[in-house]
Every structure is written in C-alpha cells, then in structure tokens.
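Asks: Taken in order, these protein sequences are the chains called A and B.
The letter at position 299 of the first sequence is residue 299 when you use this note's numbering, and the numbering goes up by one with no holes.
Residues are numbered in this note's numbering as their position in the second sequence, beginning at 1, plus a constant of 523.
It is possible that some hints are incorrect.
Said to hold, decoys possible - Simulated crosslink set (EDC-like; lysine to aspartate or glutamate; CA at most 20 Å straight-line):
| no. | chain 1 | residue 1 | chain 2 | residue 2 |
| --- | --- | --- | --- | --- |
| 1 | B | K964 | A | D448 |
| 2 | B | K972 | B | D797 |
| 3 | A | K441 | B | D773 |
| 4 | B | K656 | A | D448 |
| 5 | A | K311 | A | E399 |
| 6 | B | K972 | A | E58 |
| 7 | A | K133 | A | D517 |
Because the hints were derived from the structure by calculation, they are not lab data.
Protein chains: 2
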Amino acid sequence: MSQLQPILVAGAWRQAEAVDQFTAINPRTRQPLEARFPVSGRADLLAAIAAGAAVAPELAAAAPGTIANFLEAYASLIDANRGELAALAHAETGLAVEPRLNSTELPRTIDQLRQAAQAVRDCSWTRPTIDRKLNIRSLLAPLSAPVVVFGPNNFPFAYNAVAGGDFASAIAARNPVIAKAHPSQPATSQRLAELALQALGEAGLPAATVQMLYHLPPELGLELVAHPAIGAAAFTGSRRGGLALKAAADAAGKPIYLELSSVNPVVLLAGALDERPGDLATEFAASCTLGGGQFCTNPGLVLLAPSARSKEFIAHASFRFGVSPTHVLLNEGVLEGLQASLQTLREHGATVVTGGEVVDDGFRVANTLLQVSGAQFLASPAALQTEAFGASSLVVTAESLDELLAIIATLEGNLTGSIYSHSGDGDDAAYAQVAAALRPKVGRLLNDKMPTGVAVTAAMNHGGPYPATGHPGWTAVGFPAAITRFAALQCYDNVRPQRLPAELQDANPLQIWRLVDGTWSCG
Amino acid sequence: MSQLQPILVAGAWRQAEAVDQFTAINPRTRQPLEARFPVSGRADLLAAIAAGAAVAPELAAAAPGTIANFLEAYASLIDANRGELAALAHAETGLAVEPRLNSTELPRTIDQLRQAAQAVRDCSWTRPTIDRKLNIRSLLAPLSAPVVVFGPNNFPFAYNAVAGGDFASAIAARNPVIAKAHPSQPATSQRLAELALQALGEAGLPAATVQMLYHLPPELGLELVAHPAIGAAAFTGSRRGGLALKAAADAAGKPIYLELSSVNPVVLLAGALDERPGDLATEFAASCTLGGGQFCTNPGLVLLAPSARSKEFIAHASFRFGVSPTHVLLNEGVLEGLQASLQTLREHGATVVTGGEVVDDGFRVANTLLQVSGAQFLASPAALQTEAFGASSLVVTAESLDELLAIIATLEGNLTGSIYSHSGDGDDAAYAQVAAALRPKVGRLLNDKMPTGVAVTAAMNHGGPYPATGHPGWTAVGFPAAITRFAALQCYDNVRPQRLPAELQDANPLQIWRLVDGTWSCG
C-alpha cells in the first residue's frame, strides 16, 4: 500500500493531520488510481491559515516585478512539464491528452499566468486615481490576507486551484493563496503545487505564498471561507456547494466570488433558421458535445423562434449528437448529477430526441438532445432550467416571437446568451426585442457564435447575474478586471509624498496608466 | 388633526396603505412636529417595486444626457429651495441652519449631484474595454432593475435616500430608485422628493424613476432588499440594522452596499505629541465635537504613543471638549444609543475625563472624553471599540510602540485611520511600522489630518474593510467609482457593429475614455 501523500503547508510538504483518506478514480476504467491522499482535518486548515496570514504582509509589500517573475517562472515550469502534467490529468479526468489537455488547456493556462504577470508589471489592476489639488489619492491594493481558491472538476489546469485564473488573479493582487484542490485531481494538483513551490524559490517569494490541501470535510470548507484571517475566497463548482460556502462567507463579512451554474441560452431567430438550419445544427452539436459538454458555458438551452425549418434543425442536430463520440465524464458524481438532471427535465415534459442512456464504458452517458414546447417550458420554467452538466441540451420550440420573449423573461441569470440571426437584416426587428430582453440576464452576449471558448482578454466577462455568479459586477476571466476581485480600495489623504506607494507618487516612477484630475495618462 | 401625508409611488403622490403612522420629533424640544406620515404596508412596497421594475428598461436605454439633465435640474431645484429645505431639516434634526445645513451640507449635496451628472456625461463609470482583434468588448451597464436606498439619520441632504450620494450613484447608472427615507426626516425627504419629481418632468424621464416611502416595518425592509425584482440596495446606518438587511440580501443573491460603523482610529506618534500637544488637542476636539460628533468619520478612538506630553494633550483636549457647545442629538434613539455605548466603555475600564452626563435640554449629552490604558484596552479590545455615536472619544495611552502596534492589531475594519507625526522626520521609523499595521484596516489613511470632512472627489474612498462596510473594494463617495456599485459588467462577443452600444463602437462617437487593446484613449 502506498504512503499517504503530503500536503503543502507553510512552505513545505508535510504529512497531513488526516481525518480520512481517498484515491482518485480513473473515469475511463472506474478503477481507483494508486496514490492515496489525505482528507485534511482542522489542524491542517489552521496551520495553512496561520502560515498564509504570516506571509501576507511581506507579499503585499513585494515589488510587482517579483510577483510577475514568479508567475512567469511558474508558467515556464508548467510548459516544461506539459507531457507529465497532461498524463496525470488524463488519468484523473478522462479528458483527452490531444488536443484538449496538451494543446488547448495547458497553453491557455500558461498564457493566462503570463497575462497575469503582464498585468502585474503594468499595474493596470491597481487603477490609481489622483486628485492633485486636494492631495487625495487612491488605488486598489492587496488584501494583505490569504485568499482561498476552490478548484472545479472540469478544468484540471485552467481553473485549477493552484494554477488557474482565480489563483493567478489572487497572486497578481499580491495575496497568498490557500488552494483547495478538486479531490478528483489530487496528483495533477500535487505536481502543479510542486512546480509552484519551485517557482516561488526562483522568484525569491516566501514559500508559504502558495499552500495546498487536497480535500476537506464540508464543514471545514465553511470554516475556512469564514475565518477572520482570510481575505476572500473564490469557488467554481456546483450551485449547492457554492451557495453553502457563500452563506458562511457572507455571515462573516468575507468576500466570496462564485461561479455556480449556467444553461447559456442560445436563441435562433427565424431568419437564421430559415437560412442555414444545417450549419446551425452542426455548430451547436460541436459546441455542446465538446469535452463531453463539461463546460460552464455549454449551450444547454436552445430557444427556437418559429420557423418552417425548425424540424430540420432538430433532426440535423440529433444526427450530429448521435454520431459525435461519447466522452467519458469526469467522475461518478458528474454521471449521477447528469442522470438526475435529465430525470428532472423529463419529469417536466421534456422528451428525449436522442441519447439519454448510460453507456457502460467508464462514466458515460450518450450525447443527449431533449425537446419541449414553449408552452410546456412556460409551465415549469424553473425545473426546465436545471443544468444538465454534460453533453446535453434542451431545445425549446416557441410558437411565436411573443412566446419566445415570455420564455426569455423567465430565465435566471446566466454567464452567456447567444443570438443567431439572418446574415442580412432579416431578423433585425426581432433581434432588437430579443437582445433587450436577454441582455440584462447574461454576462456575455454573443452574435452568431456558440458560448464555449472563453478567450482570456481584458474585454472578456466570464461572469453574470446571480445565480450564474454571486455578483453581476465581476469577471473570473480577463486581466486586469479579474485581479481586482482580490483587492481593497485604499485611499491616501494628505499623506506626505515620500510615504506614498510608488503607484501614487507625482512623478509616476512606474510609468503606469493613472486617472489624474480626470484624465488618463501613463507618462 | 392633519391629514396623513402621501407617499411617492408609481410617479404620483398617493395615500399609503398604512399599517401605522408617525410624526417626526423636534430634537431641540422633544416635541412631535405636526405632520403625520404613514408607515407603509406590504401593498405600498409591492406597488413601488412593480413600478420601478416597469420603468427600469426605459431608464437603462435612456441617453446619458437625459440622465445628466435630470441630476442637474434636481440640483438646481434644491439650490433654489435651500432656505425652505434647511428650515425643514433644522426642525427635524436639530442641526444648525448656519453654517451646517445651508452653507455646508446643501452646497455639498448640490455639487454631488452635479458631479454625478458630469460622470454620466463623460461615461467614465462605464469603463469600456475593447479587444479589436477578437471583437470582444465590455462595459459597465445599468442593472435594469430598481435600486433600494436607505437614508441615514445624520445627513438630511448629503446622504438622504432621495438626494444623497447613493441616490445620485444609482440614478447615474440609469437605475430607478426606491428611496426609504429616514423616519426622523419625513418632511425634509418629502420636499426633496417633490423637487425630484419636478426635475424628472423637466428632463423627460419616467416619473416612477424616483419613488419614496417614509417608513416600513423591519420585516418589510428585509423583504424589499431580497425581492427578485430588485437590482441592489444601499444602506447607511447602524450595524445591527445593516447586518439584518445584509443577511436578507445575501440569501437572495442581491448586492447590498453598507456603511455600518467606524471608530476612525487616530494615532498620535511621540514626535507629534512632543512637538505640538495643544494644537493636536484643539484640532481633535474640533473634529470630534463638530455636528455633535454625529459623523461616520468621527474620531472616536485616539491612540497615544508614549510621550512626556500626553497628559498635556489630554488636559487640553478635555478643556476644549468642556468649552465646546453641546449639540442636540438627532433623535431619542441616538441619545439612548450613546448612553448605552458610554456605559459599555465604562464597564470595560474606560474612565470619564470630561462629560458623559445627559443634559436636560432636548436630546443632549455633554461632550465626552474617556481614557483607558493600553493594557486595559488589550484586555477588552472588542468592547472598547464600541462606536459611541455622538461627541465622544476614547483616548488610549500606550506604554510602548510595541503596545501601540498590538492595539492596532486588534482593530476592526474602519473607514479611516489617521497618523499624526513629527513635522520633520522625527517619527519616520515609528510611522513606517504604524502605517503598515493600520493600512489594511482602513479605507482612507490620513496624515496630520482629522477624518471628518469627506471630499467628493474621484480619488476619495469612503469605504473600508468589514465591518466598516460590507466589502473592501467599494466606495460610497467619489465619482465615477461610487456609480459602479450599481452596474453590471456586460460583454459583447462577436456582436455586429451596428448593434453595439455607442460606448463600444469603433468610432467612439461619445468621445469617452476607453481601454482599447491595452491603451487608454478618448479620441
């Protein structure tokens, strides 16, 4: 029997004060992997919090260049170890090494760390604002406290608690991170944390800047996000888990950033359906089945305006769903969740067009397309917005534009909303009405484009109204905005010039973009 | 007996579905004023929510210039009615007409509305961010839902629910406002709401853009901030009331911005005390007794580094407290709250240097200075940070710099923190340590300046870590930042050019500052 793997606390790998142990499961074989990992107890938690709080002031005072050096060194180490990392993640998630892990997600993760480093170097996230006449100056600054990051099951790298976007954002704001890895990916997370520790050494940052636990009993997760010494938390995962953490953090007055659930409505207007039903179906099926549909931006709800070619769209989509490979799901929990969600949808009137059945080869469900009428949807709008996490989508056929608008009015907050329209101006009148109704319900509005594929750019919003996230003003992807989640607004009033942080000094020694007396400048 | 005054709902003054009624009390005489106002029931609440939600889309689509016109028209109407407004507020709050109400607070309120209008015209709060290559664009946009604003007791104009900073911010972001006036100031709020309604007409905005209720049973306040049709809420007031609203809003996933309580620590370093104890005492006493000390930035906690002249400072401050006029307090609740807080402080070892007693002339307590040793403070740090809302402050005498730092380490989040140091470099070493400890605990750090007086400037932070407010990243004062609280981040991905909001179009037709491909420009 293998030894229990160590946790990363207070700058070193050490044995956990474990309350239990676990192994990852290979989702393709349903067999446990060899390495055994600890479920941490309260002593581990408190040790990590204490160590994180102890280094927070040093990190807050670190030079931006030092933080950027760490992020870049870490990116390069991940790049140098892509083969090994992809193999570990493949075993733990069932995601394909090529192209997904090695050629898509790892490059994205590496680029994300480098973009965060760039935002650190140019200080763009600090948003310095200066009133020279009154000598009042403000900027966004580190929280001076550890940030807790919970990793999700579906991105072993790009959202990993110890390497992904929330991690990069919290570190970029010069806060220590306490990573709570996803228990489906302990070996992947462990290897990443080893590389992070190495990069910290190369950059000369305190080793306790990055800590990692693999697993916690739920009640300790609640204690962690509410602890007085914690600065903030970030969570990507299930709505139930996220809302429990939110309640604990809220009660303690601690900021928590959540990405919870989203069905990402896609509206196909009549002109688009009339014009290109087959192309739309192909594009939709490719987006929905990509990665086994296990994306927060998966198109899970497709709203069809009335069109003579709706049936053609559905038939073609059904065909594409049927011939697309069935992906293995990330773990047994995802399999069970998908089955339960499909059951809920069926109980409320959705009929299966194709798929729906469990495939007995690892954790698999056949690619699933469901259908419901607009009237049926309006009879159970909440239940029929149940997220079916996997390669599954519900098509709703509206009888009229008014019914389509009524359906949109019932939608919860979502990360994205897409509208496909006629390539000319054939749908312009309908577009105006649909866009006005959909716009306030979604964080990102797309035209003629499926929601999967979240570009890492300053203009991205990977966020949206509750319950897609916890607050409509923040994004989890895109720098500098994502970094500002982990910052405090700090004002300096009449502070003597030599005591000001460099970002706020009159001479602008860092040559950064600042809003000075109402005008942006960087000179 | 006078008739029950009407509420402003759905664009018109109408009789409330009252569950009770009340009058304001003149705090100088303790006698009720004549006019009777309703305590609204649930029907009023639901009517206001429905009317606000109904106009929200129209308001969200309004031209920035129209919104700015309203704010400016309203500012001018307030300006034209200053005499009447000041007289109403004087009767309801006991605050002096001159200089406070007519020459300080009203001009500030008028200027604040005009600054908000300017931020609306220049669209600076929308923070447009454009990635031209990927055709991804984002901006901050209206919530498209009503914002609830709760007014506090201590600023009948500058923070009034229907005229103050939160109101101006929510309107600037093109959201309707449902104002919940402070029940101590119903006639003042009523007159303001009449002027707001007139200004809406002049600007051509929907009349239901501004609605006002005077009073609600507590449980309806909770229902209001948690209602599905509400976009967000803002509250300035007591910690207990604010935390109850926060719990309700949090559970419903609704953003709420809170300003709760703050003792605003002022640290006097040894060199400053050695150099100018009398001047410091005079400045401190003036700040603490101003407006009866009824400011959220009142210096309620003064930490003295060891100095041979500490006794001189305390004696001089005691003298100034004693000779400064005793202000009437805003209402009986403030009187009772102050007495209870002083009792708590005394029970935990604070001794009264001067004042403390109730003065039997309206709602008054003598200007109060208390004192406690550093050791005693460290024995009960939580109780000795009890906010005593009024002209009251607690002086803590530290035995050493280490003890001073230990005291700072126990401090809760505050709006402000001030450090006075030697006019030369005599305190520089101590300053570095004290500032490092105090900085993460406060929203605004001051040098050689008392915290009262919150300038309305883009660089201001009137916010701070919990429990001073609910989130360390937001400010309630200063445009454009305060406006962004009532906005949603909205991204446009691959959206056709003619469908983009003007703020995001390539040609920049509004000529606003935008971050385009990493560079700020306004051309």
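Asks: Holds or violated: B:K972 with B:D797, Cα cutoff 20 Å?
Replies: 17 Å, holds
Asks: A:K441 and B:D773 were given as a pair; does the straight-line alpha-carbon distance stay at or below 20 Å?
Replies: Roughly 19 Å separates the two Cα atoms, so the pair holds.
Asks: Against the 20 Å threshold, does the CA-CA distance of A:K133 and A:D517 hold or violate the hint?
Replies: It holds: about 8 Å lies between the C-alpha atoms, which stays within 20 Å.
Asks: Keeping to a limit of 20 Å between CA atoms, is the pair of A:K311 and A:E399 held or broken?
Replies: 13 Å, holds
Asks: CA of B:K964 to CA of A:D448, is that 20 Å or under?
Replies: Violated, at roughly 48 Å.
Asks: Compare the distance between the alpha carbons of B:K656 and A:D448 with 20 Å, and conclude whether the hinted pair is satisfied.
Replies: 17 Å, holds
Asks: Holds or violated: are the alpha carbons of B:K972 and A:E58 at most 20 Å from each other?
Replies: 28 Å, violated
This entry does not satisfy hints 1 and 6, going by the numbered hints stated previously.
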